[in-house]
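Peer 1: Position chain B against the provided structure of chain A, taking the given hints into account.
As you go down the protein sequences, you meet chains A and B in turn.
The first sequence lines up with residues 1 to 336 when you count with UniProt numbering.
The second sequence lines up with residues 1 to 550 when you count with UniProt numbering.
There's no promise every hint is true.
Unchecked claim - Label pairs and their in silico Cβ distance ranges:
1. B:Ala123 <-> A:Glu301: 32 to 38 Å
2. A:Asp230 <-> B:Glu453: 30 to 36 Å
3. A:Leu321 <-> B:Lys297: 49 to 55 Å
What the hints assert, rightly or not - The calculated BS3-like cross-link candidates involving lysine-lysine, where the alpha carbons are at most 30 Å apart (straight line), are:
4. A:Lys271 <-> A:Lys160
5. B:Lys418 <-> A:Lys160
6. B:Lys297 <-> A:Lys160
7. B:Lys445 <-> A:Lys271
8. A:Lys271 <-> B:Lys297
9. B:Lys445 <-> B:Lys418
10. A:Lys271 <-> B:Lys53
Just so you know, these hints were derived from the structure itself, not from any lab.
We put the CB at the ideal spot given by N, CA and C, even for glycine.
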Amino acid sequence: MRPSELLCPRPEGLYCGPGDFFIDPIRPVNRALITHGHSDHARSGHGSVLATQETLDIMGLRYGDDFAGTTQAATLGETIAIKDASVTFHPAGHVLGSAQIAVEHAGLRIVVSGDYKRQPDPTCAPFEPIACDVFITEATFGLPVFRHPPDSEEIGRLLKSVSQFPESTHLVGAYALGKAQRVMRLLRDAGFDRPIYIHGALAKLSDYYQSRGIDLGDLRPATIEGGRKDDFAGSIVIGPPSAFADRWARRFPEPIACFASGWMRIRQRAKQRGVELPLIISDHSDWDELTETIQETGAGEVWVTHGREEALVRWCELSRLTARPLHLVGYEDEAE
Amino acid sequence: MEGFSELLDRLVLTPSRNGKIRLLVDYFSTTPDPDRGLALAAITGDLNIPAIKPAMLRTLVMERMDPVLFGYSYDYVGDLAETVSLVWPEPDQAHAPNQRPTLADVVDALQSASRSDGPAVLARLLDTAGISGRYAIIKLVTGGLRIGVSARLAKQALAELGSVDIAEIEEVWHGLEPPYLSLFAWLEGGAPKPEKAARALFRPVMLSHAVEDSDLAKMDPSDYAAEWKWDGIRVQAVSEGGLCRLYSRTGDEISGAFPDLLDAMDFTGALDGELLVGHPPEYTGSFSELQQRLNRKSVSPKMRERYPVFIRCYDILQDGKEDVRPLPFLERRARLVAFVAQLEPSRFDLSPIISFSNWEDLDDMRRHPPHPVIEGVMLKQKTSPYLAGRPKGPWFKWKRDPHTIDAVLMYAQRGHGKRSSFYSDYTFGVWSGPEGVEELVPVGKAYFGFTDEELRQIDKYVRDNTVERFGPVRSVRADKRSGLVLEIAFEGLNRSTRHRSGVAMRFPRISRLRWDKPSAEADRIETLQALLHEPNVAHHAQGETDTLIS
Numbered sequence: 001m002r003p004s005e006l007l008c009p010r011p012e013g014l015y016c017g018p019g020d021f022f023i024d025p026i027r028p029v030n031r032a033l034i035t036h037g038h039s040d041h042a043r044s045g046h047g048s049v050l051a052t053q054e055t056l057d058i059m060g061l062r063y064g065d066d067f068a069g070t071t072q073a074a075t076l077g078e079t080i081a082i083k084d085a086s087v088t089f090h091p092a093g094h095v096l097g098s099a100q101i102a103v104e105h106a107g108l109r110i111v112v113s114g115d116y117k118r119q120p121d122p123t124c125a126p127f128e129p130i131a132c133d134v135f136i137t138e139a140t141f142g143l144p145v146f147r148h149p150p151d152s153e154e155i156g157r158l159l160k161s162v163s164q165f166p167e168s169t170h171l172v173g174a175y176a177l178g179k180a181q182r183v184m185r186l187l188r189d190a191g192f193d194r195p196i197y198i199h200g201a202l203a204k205l206s207d208y209y210q211s212r213g214i215d216l217g218d219l220r221p222a223t224i225e226g227g228r229k230d231d232f233a234g235s236i237v238i239g240p241p242s243a244f245a246d247r248w249a250r251r252f253p254e255p256i257a258c259f260a261s262g263w264m265r266i267r268q269r270a271k272q273r274g275v276e277l278p279l280i281i282s283d284h285s286d287w288d289e290l291t292e293t294i295q296e297t298g299a300g301e302v303w304v305t306h307g308r309e310e311a312l313v314r315w316c317e318l319s320r321l322t323a324r325p326l327h328l329v330g331y332e333d334e335a336e
Numbered sequence: 001m002e003g004f005s006e007l008l009d010r011l012v013l014t015p016s017r018n019g020k021i022r023l024l025v026d027y028f029s030t031t032p033d034p035d036r037g038l039a040l041a042a043i044t045g046d047l048n049i050p051a052i053k054p055a056m057l058r059t060l061v062m063e064r065m066d067p068v069l070f071g072y073s074y075d076y077v078g079d080l081a082e083t084v085s086l087v088w089p090e091p092d093q094a095h096a097p098n099q100r101p102t103l104a105d106v107v108d109a110l111q112s113a114s115r116s117d118g119p120a121v122l123a124r125l126l127d128t129a130g131i132s133g134r135y136a137i138i139k140l141v142t143g144g145l146r147i148g149v150s151a152r153l154a155k156q157a158l159a160e161l162g163s164v165d166i167a168e169i170e171e172v173w174h175g176l177e178p179p180y181l182s183l184f185a186w187l188e189g190g191a192p193k194p195e196k197a198a199r200a201l202f203r204p205v206m207l208s209h210a211v212e213d214s215d216l217a218k219m220d221p222s223d224y225a226a227e228w229k230w231d232g233i234r235v236q237a238v239s240e241g242g243l244c245r246l247y248s249r250t251g252d253e254i255s256g257a258f259p260d261l262l263d264a265m266d267f268t269g270a271l272d273g274e275l276l277v278g279h280p281p282e283y284t285g286s287f288s289e290l291q292q293r294l295n296r297k298s299v300s301p302k303m304r305e306r307y308p309v310f311i312r313c314y315d316i317l318q319d320g321k322e323d324v325r326p327l328p329f330l331e332r333r334a335r336l337v338a339f340v341a342q343l344e345p346s347r348f349d350l351s352p353i354i355s356f357s358n359w360e361d362l363d364d365m366r367r368h369p370p371h372p373v374i375e376g377v378m379l380k381q382k383t384s385p386y387l388a389g390r391p392k393g394p395w396f397k398w399k400r401d402p403h404t405i406d407a408v409l410m411y412a413q414r415g416h417g418k419r420s421s422f423y424s425d426y427t428f429g430v431w432s433g434p435e436g437v438e439e440l441v442p443v444g445k446a447y448f449g450f451t452d453e454e455l456r457q458i459d460k461y462v463r464d465n466t467v468e469r470f471g472p473v474r475s476v477r478a479d480k481r482s483g484l485v486l487e488i489a490f491e492g493l494n495r496s497t498r499h500r501s502g503v504a505m506r507f508p509r510i511s512r513l514r515w516d517k518p519s520a521e522a523d524r525i526e527t528l529q530a531l532l533h534e535p536n537v538a539h540h541a542q543g544e545t546d547t548l549i550s
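Chain A on its own, in the form it takes in the complex (with noise of 0.2 Å):
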């Protein structure tokens, strides 16, 4: 069998026809499987939701717990048989609950790796590079400029401006789902122990990875009310990327803006945004982590979706690898 015919895209998204299914689907469908919790893949109003049981925890915290009609929990490296089709969830060391699917029919087996990285992360399973025919990768960074230093060092250049500028406020867009959380996660790992501030956008999902046994210490809500101003200096807060342009963040004294994100490696794109302070921590994988993982899972061919997939192709090319770009739309991760 082609491997066009176990799994091709369709408006709704990545369809599998042998098992009747669609994966992240954009628009609501009988039947999806989720890679992950972040909105743009997991969307609600589908009749029937199979995800790890952390992304349906996370897509009720965020839709209310009727988001699917049903819903069902894959363990992950257990085998499901849907229909003629058989799908085994692996970790994609994207963020808490994130998945890759491998999905097999006669003799194929095609891995949908979702969004994923390789970078060591303690907030989520790491990534399991799985053998496959096809692989489908993602290409958010998908471009040589991409590359990614490690985490703690970013954590280090917060910290040093922390020390550096006592009397100002740190304030550090983070997305709200996964890498707020793993910032959380460093900056305890760094030996940063004082309360971290943060908006309430983040509340609820940050408990949830506390009652998953990630220790993310002493989280306080980001209000004034029953404070002063004056006590935010020389602290951290973190809220979503969009709040620091927001009127919520004049509450702060002497603030610096800074940005935890994949993107923070183009200066231009700091200065854009009004950075001062640009940190590269992403959530998925740079230039060299896609290039090596494609040659790990030893596929002969390479399907690419959403990013910047013309370079990842011509690679593939000069690799001697098949391989296409998908052309999925709706996805979207200019926050990451």
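Peer 2: Same frame as chain A, but now just chain B:
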């Protein structure tokens, strides 16, 4: 090298002056010699490294990677130095260096490379430097760090490092060379102040305060001499032992761009004056004519002929072998008159003293200056010595009132630092085109002049009236029926080929918010164009000026 790279990255993104100084002080106090001195030289533009052309850099990287992938990368990043720093392949683990090069290693390797092996030396450095180090190295060899730090700011940081006055740094600066070991040793208390070894050193200039209403009432007109405040750039011309140097008022040497003036500096002394373009005394050119000569590394003979520069002298600091700064103003003035009389008249003339009997007199002259290149009057206490810095009392500037126009707010951009949650940078426009189909054409940008409360109000207006967003910029509703009118004050107007409107304002700021004024009644572009055509110097009656000279 990493420390230096990190410093550059932070400086370029830190908007606040105090923040930059803090970063510099911390770097200088934690970085060993000679790296810190080399970094200082790189920032002040005093580090000489053989240049590598961008084309060569491109060739080097193309030898190492697929040109198509490089093309995608460069298109995305848009900056050659940054692209190359990121895509440069790291050498294999086996060949990787156990240590990154220091700034001194880099400077040493580059300076001792011959012309032919320059590219190979650069490539070896890029192999070993890591991403951030590579970026800094490429910036060093392609010239221009562009980090928004002036030499003056770097010196301010040195002053804070050593808890000394910046005037002390400026005084010794031009006698020192990278890596400034004696300077750092002195600032850290381990050695005496470096001797003023070089000749023709800069002397810290004396600056003035703006006159405030309450000041004049306390001042006796007979205690002060008045001069016109000319609209050029303040300079210091020093000539000692055959060495001639021209400095800006911040102590940056600008001799290179003015060989015509330097040729005429056949004296021993130091003069303080205004650099202007023209043929004194008949013709004094406008600031936009002077601009043709500014910020240039070299200047063609044609330029020199078309825009000859001269100094209109205000003061004398060194007369032959004598330091005359401690003398009272009137005595220095007498020395200056005698001194300038000996100089080439097409290159040096005197700034005239204006006679006046009371403040009302002077106020009237200030408002109606006899010459368009005058931007107000200066008041100088007759008994005051020449003091470094900006002491309150002896010198005042009393400027002509600024021009104002009413313009309409068109775009607003988010600010930086404290203002990062405010739309605080405003682009404004005036009406242009035939009646009935007028459109707004942008004429300038301003980000100060308003109070915090007004900022809050404009920010709210911007958020409530956004029609489009482009990244940090919002386009604001502005048409004949609705729009926020801003009264803009500015000091002057230059012709500009860069702006669609054809004009560029000098020192624009927001002087008033005209919530009351309908946008349709804002000014038209013709109002500004008329200002450009205001009678120039040549048309002015010279006699009028002469009568004012005492």
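Peer 1: All hints are to be evaluated individually against the structure, with a verdict given for each.
Peer 2: For each hint, the structure was consulted:
1. B:Ala123 <-> A:Glu301: 32 to 38 Å: Roughly 36 Å apart at Cβ, these two residues keep to the hinted range, so it holds.
2. A:Asp230 <-> B:Glu453: 30 to 36 Å: 21 Å, violated
3. A:Leu321 <-> B:Lys297: 49 to 55 Å: 51 Å, holds
4. A:Lys271 <-> A:Lys160: 21 Å, holds
5. B:Lys418 <-> A:Lys160: 20 Å, holds
6. B:Lys297 <-> A:Lys160: Status violated; Cα separation ~39 Å.
7. B:Lys445 <-> A:Lys271: Satisfied, since the Cα-Cα distance of roughly 19 Å is no more than 30 Å.
8. A:Lys271 <-> B:Lys297: 29 Å, holds
9. B:Lys445 <-> B:Lys418: It holds: about 19 Å lies between the C-alpha atoms, which stays within 30 Å.
10. A:Lys271 <-> B:Lys53: 26 Å, holds
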